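*Asks:* All chains should be modelled from the sequences, with the hints used to inform the complete structure.
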Amino acid sequence: MEVRFTHDNGGKIMFATDDWFAVAENLLKVEEPQWQEGVFTAYGKWMDGWETRRKRVAGHDWAIIQLGVPGVVRGVHIDTAYFTGNYVPQISIQAAALKEEEKRNIPLRVSCMGTSATEYNLKQVEKLRSQTWQEIVPMVPLKAGYKETRHHYFPTLKSDKMWTHVRLNLYPDGGIARLRLFGEAILDLTLLNSSQILDLVSMVNGGVCEDYSNAHYGHPRNIIRPNEGIGMSDGWETARRLDRPPIIQVSPEGFLQLPGFEWAVFRLGAPGVVHRIEVDTKHFKGNYPDTVWLEGKLGLQAKWIKLLSQTKLSMDKLHVYKELDNKGPFTHVRVNIAPDGGISRVGPQAHVMDHGLVCGSAGSGSKAAAQKRVGLCGAVSLIAYE
Numbered sequence: 001m002e003v004r005f006t007h008d009n010g011g012k013i014m015f016a017t018d019d020w021f022a023v024a025e026n027l028l029k030v031e032e033p034q035w036q037e038g039v040f041t042a043y044g045k046w047m048d049g050w051e052t053r054r055k056r057v058a059g060h061d062w063a064i065i066q067l068g069v070p071g072v073v074r075g076v077h078i079d080t081a082y083f084t085g086n087y088v089p090q091i092s093i094q095a096a097a098l099k100e101e102e103k104r105n106i107p108l109r110v111s112c113m114g115t116s117a118t119e120y121n122l123k124q125v126e127k128l129r130s131q132t133w134q135e136i137v138p139m140v141p142l143k144a145g146y147k148e149t150r151h152h153y154f155p156t157l158k159s160d161k162m163w164t165h166v167r168l169n170l171y172p173d174g175g176i177a178r179l180r181l182f183g184e185a186i187l188d189l190t191l192l193n194s195s196q197i198l199d200l201v202s203m204v205n206g207g208v209c210e211d212y213s214n215a216h217y218g219h220p221r222n223i224i225r226p227n228e229g230i231g232m233s234d235g236w237e238t239a240r241r242l243d244r245p246p247i248i249q250v251s252p253e254g255f256l257q258l259p260g261f262e263w264a265v266f267r268l269g270a271p272g273v274v275h276r277i278e279v280d281t282k283h284f285k286g287n288y289p290d291t292v293w294l295e296g297k298l299g300l301q302a303k304w305i306k307l308l309s310q311t312k313l314s315m316d317k318l319h320v321y322k323e324l325d326n327k328g329p330f331t332h333v334r335v336n337i338a339p340d341g342g343i344s345r346v347g348p349q350a351h352v353m354d355h356g357l358v359c360g361s362a363g364s365g366s367k368a369a370a371q372k373r374v375g376l377c378g379a380v381s382l383i384a385y386e
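Here the sequence shown is numbered in UniProt numbering, starting from 1 and rising by one per residue.
These are calculated hints, taken from the structure and not from any lab test. Just so it is clear, the structure is predicted and the values come from calculations on it, not from any experiment. Take these hints with a grain of salt, some might be off.
[Unchecked claim] Each computed EDC-like pair below joins lysine to aspartate or glutamate, with the alpha-carbon atoms no more than 16 Å apart:
| # | residue 1 | residue 2 |
| --- | --- | --- |
| 1 | K99 | D188 |
| 2 | K161 | E126 |
| 3 | K127 | E102 |
| 4 | K312 | D290 |
| 5 | K327 | E278 |
| 6 | K161 | D188 |
| 7 | K297 | D173 |
| 8 | K282 | E228 |
| 9 | K143 | D79 |
| 10 | K12 | E25 |
| 11 | K282 | D234 |
| 12 | K103 | E126 |
| 13 | K327 | E295 |
| 14 | K143 | D173 |
| 15 | K312 | E323 |
| 16 | K297 | D325 |
| 17 | K285 | D316 |
| 18 | K322 | E295 |
| 19 | K29 | D48 |
| 20 | K282 | D316 |
| 21 | K322 | E278 |
| 22 | K127 | E101 |
| 23 | K312 | E253 |
| 24 | K123 | E148 |
| 25 | K317 | D290 |
| 26 | K317 | E278 |
[Said to hold, decoys possible] Label pairs and their calculated CB-CB ranges:
| # | residue 1 | residue 2 | range |
| --- | --- | --- | --- |
| 27 | K285 | E323 | 22 to 28 Å |
| 28 | S309 | Q34 | 42 to 48 Å |
| 29 | L242 | L192 | 41 to 47 Å |
| 30 | L108 | D160 | 29 to 35 Å |
| 31 | Q196 | P141 | 45 to 51 Å |
Note that beta-carbon positions come from the ideal geometry of N, C-alpha and C, so glycine has one too.
*Replies:* As structure tokens, this is what we get:
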């Protein structure tokens, strides 16, 4: 139900004061941290994380990270896995919404072990005055990277502001394995034209999974992630339904005759009119659903109406549907699969409603006003962490 601001959706290390033992890019890896016994580099023990040298000058280490998509940050996960005698004692996090001209003050990143930021780069990045950015996680202590103590979860200070970059402060130095920032992407409606088609359920466009029936093997929020799925674990997969009959029959229409189905509800990043639907069963071969159908509604109190009629699926295939029962506009869609199984991605390709008409009335075309109208209609939450 949240966006994870990691490198797989565009998160990027823009600056780091020091990369001596291990580079800061490791913080954003999707994979679990690894330990390699007895492996050393030219600079010290190989570590799967960001590790700076032992500080022997004034100050502390820090890094600037660009979020994959602009958004509201609601929570932080710090993992110190395998950093036991070299973990960072304390951290804090600050955030900012940078303009394009401000981003140009960030020097070109060189990711290389055994290096630190040059005096020139430090002076260049000082123009951002990042030490004055809003603090969203105050200074908090960390624990060693043992199994029982490695995971640290912190809520951010309550704020509805949209951020583009964060500054991770290490006090004073040491290592962290992974950084995860959780929150909500915000779709800037003022940058869109009325004919632009995009995947409005994608998490990078503000889509959110609000409810679901079953997520035994994989959460349905995975199917609104950007890019193709990398495996079954990167999709939505349910348990096998226990109400399936001993012997399965097939209807005259070719559908399996089964009593139940699974479902997931998604809130679109903005109210939209759907033009086509993409359903991808990539990687799901012996466990794809028999059929899929979609429903939509405009507003929380509205009734579900048919968007795509029940249709057969095939294994490991991208299905594209252009013949729709109803195109909307919709603020929510419900994806139904029968009887159970897994899908990799779902993408209702749609154009955004004129944001002046989102709430049934015209108004200011400003960015803030557009976002406020959409938020009031329940399409983009500017105040709630999922």
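*Asks:* All hints are to be evaluated individually against the structure, with a verdict given for each.
*Replies:* The hints, checked one at a time:
1. K99 with D188: The given pair, whose Cα atoms are some 14 Å apart, holds under the 16 Å limit.
2. K161 with E126: violated, 23 Å
3. K127 with E102: holds, 8 Å
4. K312 with D290: holds, 6 Å
5. K327 with E278: holds, 14 Å
6. K161 with D188: Distance of about 13 Å is within 16 Å: holds.
7. K297 with D173: Outside the cut-off at roughly 51 Å; violated.
8. K282 with E228: holds, 8 Å
9. K143 with D79: holds, 9 Å
10. K12 with E25: holds, 7 Å
11. K282 with D234: Answer holds: K282 to D234 is near 10 Å, not above 16 Å.
12. K103 with E126: Roughly 12 Å between the alpha carbons, so the hint for K103 and E126 holds.
13. K327 with E295: holds, 10 Å
14. K143 with D173: Between K143 and D173 the Cα gap is close to 14 Å, so the pair holds against 16 Å.
15. K312 with E323: Holds, at roughly 14 Å.
16. K297 with D325: Holds, because 13 Å separates the two Cα atoms, which is no more than 16 Å.
17. K285 with D316: holds, 6 Å
18. K322 with E295: Holds, because 15 Å separates the two Cα atoms, which is no more than 16 Å.
19. K29 with D48: The hint holds at about 9 Å.
20. K282 with D316: Judged against 16 Å, a Cα distance of about 4 Å means the pair holds.
21. K322 with E278: holds, 9 Å
22. K127 with E101: holds, 11 Å
23. K312 with E253: holds, 10 Å
24. K123 with E148: violated, 41 Å
25. K317 with D290: holds, 13 Å
26. K317 with E278: Holds. K317 to E278 sits at ~10 Å (cutoff 16 Å).
27. K285 with E323: 22 to 28 Å: holds, 26 Å
28. S309 with Q34: 42 to 48 Å: holds, 47 Å
29. L242 with L192: 41 to 47 Å: Roughly 45 Å apart at Cβ, these two residues keep to the hinted range, so it holds.
30. L108 with D160: 29 to 35 Å: holds, 33 Å
31. Q196 with P141: 45 to 51 Å: holds, 46 Å
Taken one by one, the earlier hints fail for this structure at numbers 2, 7 and 24, listed in ascending order.
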